[in-house]
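Participant: This is what each chain is made of:
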Amino acid sequence: MNKSMIDLTPLTRATRWHPAELAFWLLPVAGYFLLQDNLVLLTQIAITALFCLSLDLILGFAGIVSLGHTAFFGIGAYAAGLMAAHGHGDPLLGLLVAGICAGIAGFISSLLVLRGADLTRLMVTLGVAMMLYELANKLTPITGGVDGLQGMEIQPLFGSFAFDMFGKTAYWYAVGVLFVMFVIARRLVHSPFGLSLKGIRQNVGRMPAIGAPVNARLAAVYTLGALYAGIAGALLAQTTQFVALDVLSFNRSAELLLILVLGGSGCLYGALIGTIVFMTAHHFLSDMNPEYWQFWLGLLLVLIVLFARDGVMGGVRRLGALGKGGAKA
Amino acid sequence: MTVIFDGIASGMLLFLISVGLSVTLGLMNFVNLAHGAFAMFGGFVAVTLLNRAGIPFLAALPLAAIGTALLGVLFERTLYRRLYAATHLDQVLFSIGLVFMSIAGAHYLFGPQQQPLTLPGFLQGQINLPGLDMGVYRLFLIVLGLAIAFGLQKMVSGTRFGAQLRASVDNPRTARGMGINVDRIFTLTFALGTGLAGLGGALGVEMLGLDPGFPVKYIVYFLIVVAVGGSGNITGSLIAALILGVFDVAGKYYVPQAGAFVIYAVMVAMLIFRPQGLFGRKAAR
Amino acid sequence: MTQTRRLSGLFVALAAAGMAFSALAADPLKIGFVLPMSGPFAAYGKQIEHGARLYLKEHNDTIAGRKVEILVKDDTGVAPEISKRAAQELLVKDKVDILAGFGLTPSAFAVAPLATEAKKPMVVMNAATSAVTTKSNFIIRTSHTLPQVTAPIASWAAKNKIKKVFTLVADYGPGHDSEAQFKKTFTAAGGEIVGEVRTPVKNPDFAPFLQKIKDVKPDAVFLFVPPGEQTIAFMKGFAERDLAKAGIRIIATGDLTDEDLLDAVGDNALGITTSFHYADAHKSPENQAYTDAYAKAYPKDRPNFMSVGGYDGMQLIAKTLEKTKGDASGEKFIEAAKGMSWNSPRGPVSIDPVTRDIVQTIYIRKVTRVGSKLQNVEFDQVPAFKDPGKQ
Numbered sequence: 001m002n003k004s005m006i007d008l009t010p011l012t013r014a015t016r017w018h019p020a021e022l023a024f025w026l027l028p029v030a031g032y033f034l035l036q037d038n039l040v041l042l043t044q045i046a047i048t049a050l051f052c053l054s055l056d057l058i059l060g061f062a063g064i065v066s067l068g069h070t071a072f073f074g075i076g077a078y079a080a081g082l083m084a085a086h087g088h089g090d091p092l093l094g095l096l097v098a099g100i101c102a103g104i105a106g107f108i109s110s111l112l113v114l115r116g117a118d119l120t121r122l123m124v125t126l127g128v129a130m131m132l133y134e135l136a137n138k139l140t141p142i143t144g145g146v147d148g149l150q151g152m153e154i155q156p157l158f159g160s161f162a163f164d165m166f167g168k169t170a171y172w173y174a175v176g177v178l179f180v181m182f183v184i185a186r187r188l189v190h191s192p193f194g195l196s197l198k199g200i201r202q203n204v205g206r207m208p209a210i211g212a213p214v215n216a217r218l219a220a221v222y223t224l225g226a227l228y229a230g231i232a233g234a235l236l237a238q239t240t241q242f243v244a245l246d247v248l249s250f251n252r253s254a255e256l257l258l259i260l261v262l263g264g265s266g267c268l269y270g271a272l273i274g275t276i277v278f279m280t281a282h283h284f285l286s287d288m289n290p291e292y293w294q295f296w297l298g299l300l301l302v303l304i305v306l307f308a309r310d311g312v313m314g315g316v317r318r319l320g321a322l323g324k325g326g327a328k329a
Numbered sequence: 001m002t003v004i005f006d007g008i009a010s011g012m013l014l015f016l017i018s019v020g021l022s023v024t025l026g027l028m029n030f031v032n033l034a035h036g037a038f039a040m041f042g043g044f045v046a047v048t049l050l051n052r053a054g055i056p057f058l059a060a061l062p063l064a065a066i067g068t069a070l071l072g073v074l075f076e077r078t079l080y081r082r083l084y085a086a087t088h089l090d091q092v093l094f095s096i097g098l099v100f101m102s103i104a105g106a107h108y109l110f111g112p113q114q115q116p117l118t119l120p121g122f123l124q125g126q127i128n129l130p131g132l133d134m135g136v137y138r139l140f141l142i143v144l145g146l147a148i149a150f151g152l153q154k155m156v157s158g159t160r161f162g163a164q165l166r167a168s169v170d171n172p173r174t175a176r177g178m179g180i181n182v183d184r185i186f187t188l189t190f191a192l193g194t195g196l197a198g199l200g201g202a203l204g205v206e207m208l209g210l211d212p213g214f215p216v217k218y219i220v221y222f223l224i225v226v227a228v229g230g231s232g233n234i235t236g237s238l239i240a241a242l243i244l245g246v247f248d249v250a251g252k253y254y255v256p257q258a259g260a261f262v263i264y265a266v267m268v269a270m271l272i273f274r275p276q277g278l279f280g281r282k283a284a285r
Numbered sequence: 001m002t003q004t005r006r007l008s009g010l011f012v013a014l015a016a017a018g019m020a021f022s023a024l025a026a027d028p029l030k031i032g033f034v035l036p037m038s039g040p041f042a043a044y045g046k047q048i049e050h051g052a053r054l055y056l057k058e059h060n061d062t063i064a065g066r067k068v069e070i071l072v073k074d075d076t077g078v079a080p081e082i083s084k085r086a087a088q089e090l091l092v093k094d095k096v097d098i099l100a101g102f103g104l105t106p107s108a109f110a111v112a113p114l115a116t117e118a119k120k121p122m123v124v125m126n127a128a129t130s131a132v133t134t135k136s137n138f139i140i141r142t143s144h145t146l147p148q149v150t151a152p153i154a155s156w157a158a159k160n161k162i163k164k165v166f167t168l169v170a171d172y173g174p175g176h177d178s179e180a181q182f183k184k185t186f187t188a189a190g191g192e193i194v195g196e197v198r199t200p201v202k203n204p205d206f207a208p209f210l211q212k213i214k215d216v217k218p219d220a221v222f223l224f225v226p227p228g229e230q231t232i233a234f235m236k237g238f239a240e241r242d243l244a245k246a247g248i249r250i251i252a253t254g255d256l257t258d259e260d261l262l263d264a265v266g267d268n269a270l271g272i273t274t275s276f277h278y279a280d281a282h283k284s285p286e287n288q289a290y291t292d293a294y295a296k297a298y299p300k301d302r303p304n305f306m307s308v309g310g311y312d313g314m315q316l317i318a319k320t321l322e323k324t325k326g327d328a329s330g331e332k333f334i335e336a337a338k339g340m341s342w343n344s345p346r347g348p349v350s351i352d353p354v355t356r357d358i359v360q361t362i363y364i365r366k367v368t369r370v371g372s373k374l375q376n377v378e379f380d381q382v383p384a385f386k387d388p389g390k391q
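Protein chains in written order, with the numbering used here: chain E, 1 to 329; chain A, 1 to 285; chain F, 1 to 391.
I should point out that these hints are in silico values taken from the structure, not numbers from a laboratory. The reader is advised that the hints may include incorrect statements.
[Said to hold, decoys possible] Cut-off 25 Å, straight-line C-alpha distance, at most; resulting in silico cross-link-like pairs (BS3-like, lysine-lysine):
id, chain 1, residue 1, chain 2, residue 2
1, F, Lys338, E, Lys138
2, F, Lys183, E, Lys138
3, E, Lys168, F, Lys323
4, F, Lys159, F, Lys217
5, F, Lys95, F, Lys386
6, F, Lys202, E, Lys138
7, E, Lys138, F, Lys212
8, F, Lys338, F, Lys386
9, E, Lys138, F, Lys390
10, E, Lys138, A, Lys217
11, F, Lys119, F, Lys338
12, F, Lys163, F, Lys217
13, F, Lys283, F, Lys300
14, F, Lys119, E, Lys168
15, F, Lys67, F, Lys325
16, F, Lys217, E, Lys168
17, F, Lys202, A, Lys217
18, F, Lys323, F, Lys67
19, F, Lys183, F, Lys214
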């Protein structure tokens with residue numbers, strides 16, 4: 001009712017789909033036809049992208065640094081895996097349960113995480129994830145421990161599309177879920193809720209003054225991020241039809257943070273593009289040089305930091321700024 | 001008693017391999033996750049000197065520290081200094097890149113297997129007192145750790161260099177205005193941090209092993225010590241490492257079933273009660 | 001969707017038909033390796049690749065009249081989704097005839113369904129959990145199983161005046177498996193377990209556990225931890241505390257005194273008694289030839305059991321293809337491979353036709369200094385030993 005008093009055009013404009021975005025979402029379709037042989041890679045890129053998106057929600061939009069985000073990914077993966085191993089192999093049901101489990105875990109741990117500053121948060125999240133890792137290892141009779149969870153049977157999607165070795169079903173399934181989750185995240189980010197998060201990140205002190213409950217908002221977004229991560233974990237479990245302890249490993253958390261920073265946090269497409277760049281680079285480098293690919297990947301990261309600060313999206317944005325004098329990507 | 005002694009020794013080892021990070025992260029406010037890579041470099045220098053050149057262990061230790069410090073200076077001059085003003089996340093990305101390169105480099109140069117290291121005879125074995133068995137090497141670690149902690153603390157708080165360093169970190173612009181050569185101070189401090197990393201790496205080979213995976217394998221431990229101790233505080237790191245070591249060893253001795261959880265549980269608990277670390281300064285900038 | 005589906009189905013059928021033809025026309029045989037080439041288990045991948053390539057080199061890259069092409073993909077260690085991705089690409093994109101490698105159990109488990117679906121032979125060259133071969137009828141293993149190398153040391157110990165044993169295993173699946181097998185065999189033979197402890201997998205310090213062992217004073221410690229820095233740390237701690245002088249011995253499976261690791265453990269390893277299927281000091285003409293060729297091809301490394309797993313994997317593939325006249329199609333290959341026997345560098349081995357697992361001699365060895373080198377010197381053996389984990 002107060003719309004006439006405040007000009008909301010910039011906000012509504014931001015929510016509208018930019019043509020570049022539509023073009024971006026044609027990529028997975030093109031990928032399907034052009035890279036038939038690499039569908040598993042593309043599927044895993046989509047899953048990691050979703051996982052990265054979940055971290056972006058809490059790091060990029062709420063400013064909570066986490067080195068233990070695999071905790072939720074792992075909970076989701078094991079939830080979906082255990083369901084499938086015990087005869088409830090419907091993929092969508094698995095996703096739902098995994099998301100809920102991870103969300104609950106996220107809500108509980110948000111109570112711990114909201115205390116302290118960056119380094120403390122980093123270490124508390126890490127500690128929680130490491131303890132979960134050890135717990136999953138301890139529960140070998142249930143989780144299969146380091147040997148991995150066996151006996152997963154995933155039923156065909158919608159009862160008709162089976163997950164086969166050519167990976168077509170898995171691909172469309174993962175891309176579809178990613179797209180839906182992305183659209184939801186996109187709406188959310190542009191909603192008043194998302195804007196209040198942005199405010200919190202920029203100035204925590206002032207937010208209570210305009211009536212935004214900081215801790216409740218942060219807890220909510222942390223829970224949401226956990227839920228997203230859980231769904232990503234479930235996707236991985238279902239498309240690989242296997243879960244091993246590494247879904248909870250520190251390396252995965254660290255790699256994820258790396259991908260997000262690489263892509264540029266605080267921008268939903270940063271998460272997606274970071275994932276595409278990182279995983280494609282990893283894939284091709286390790287194909288060319290299976291033993292020493294890490295060297296080249298490391299070099300790539302160093303060069304990106306030195307010459308394209310703020311990640312790939314930062315670089316893109318700066319290029320755009322050079323061209324159009326300050327247009328926002 | 002022996003359990004407590006072992007815990008202290010284990011904590012001291014944690015301290016020794018992490019103190020370099022406490023210097024770079026804590027004092028210079030640079031998230032140098034490549035700390036482990038420098039430690040590994042020190043380890044390889046020591047092992048190579050010992051096994052190929054036949055240099056005695058005690059001489060190889062300072063050489064490893066100096067070698068790593070020189071490498072640190074080289075990297076600081078060419079790369080790190082460009083990133084002092086960057087965000088922490090960029091620093092993470094950059095230093096992880098270095099870690100990847102170091103892993104592949106070490107793999108290429110030394111192969112993926114563990115490196116052998118034999119201690120000189122006088123550091124092996126145990127001293128047996130009634131009710132207390134002390135490993136000689138562990139005793140050596142404890143003494144060395146205390147000496148380093150004491151020396152560093154003195155240097156940071158008691159010398160002119162320390163005062164200049166604190167001034168440069170807190171406010172580089174004013175420090176420069178006061179005639180302090182901030183660049184030089186930072187280079188020296190970075191050299192100190194990496195030198196300590198190298199020393200810690202060389203000392204750690206005996207108990208932690210040495211292979212190309214080193215920088216990643218122990219990164220969690222470095223971070224735990226620094227976070228719990230409170231960044232930038234040498235005494236804090238020392239006490240944190242000792243507490244963690246004693247709890248870890250005692251936990252494994254008395255409740256081995258929960259052995260793996262102890263160190264993380266202690267860390268999380270300590271951070272919840274003291275989010276700034278045990279002796280953390282309120283604002284690190 | 002259905003259109004593309006049918007098209008691709010047609011394509012696959014064509015490809016399969018093409019492959020059948022090409023086999024006759026002696027097209028190159030493609031073997032796709034999924035191995036940890038980087039990361040913490042890179043040593044596994046290196047050794048297996050060395051062994052496999054060595055066999056090919058000795059046979060001019062030709063098996064049963066077909067040129068052989070090896071493709072190696074890195075799965076970075078324990079990352080089943082990467083293993084699966086690698087295997088899938090090898091099958092779909094590179095159209096390999098045989099899958100091989102597999103350093104760790106999770107990789108083998110994750111890939112097994114693909115082998116079944118694609119009906120391609122899958123030769124496991126290391127992953128040692130007993131159940132691996134049960135996950136697909138197309139899996140054959142040329143390495144060993146954990147129970148297979150654990151049981152003999154237990155019966156040997158019981159026979160050789162070791163009455164009281166303290167077991168120390170890492171707290172993870174393989175550790176639990178070896179602990180269970182050791183206990184079962186050892187107590188059945190009249191031994192007594194006087195203490196047991198499971199140590200965290202990431203454990204930089206054995207001090208507390210060693211102290212416990214010292215307090216209990218068993219005749220021997222049965223040890224199973226992930227080979228690598230943990231083995232070294234344990235042995236060093238063991239020596240530091242003078243446990244050997246207190247009359248306590250270490251018995252273990254041979255992966256802890258593996259040749260890749262032995263030099264790094266150093267003299268602290270002296271006297272450790274282990275059971276295993278291969279030592280590079282094994283005395284036989286086949287092994288002499290093998291170690292000589294290995295030293296020539298890879299002067300910086302020592303051959304170990306993983307390299308022999310790779311070598312024998314290739315040898316099995318070669319012998320089987322000779323039998324099928326170059327036909328590598330899944331069912332035929334597996335049928336032909338069942339019951340296959342040959343003289344490996346490790347001694348006589350065969351493939352159990354029921355479990356598709358390897359049957360081999362397990363040796364009891366002691367770490368001894370021979371000349372300037374530490375060696376696992378064999379002094380006892382259990383011939384033609386089957387995996388007890390599946391009985």
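Participant: Please list, smallest to largest, the hint numbers that this structure does not respect.
Facilitator: 1, 3, 5 and 16
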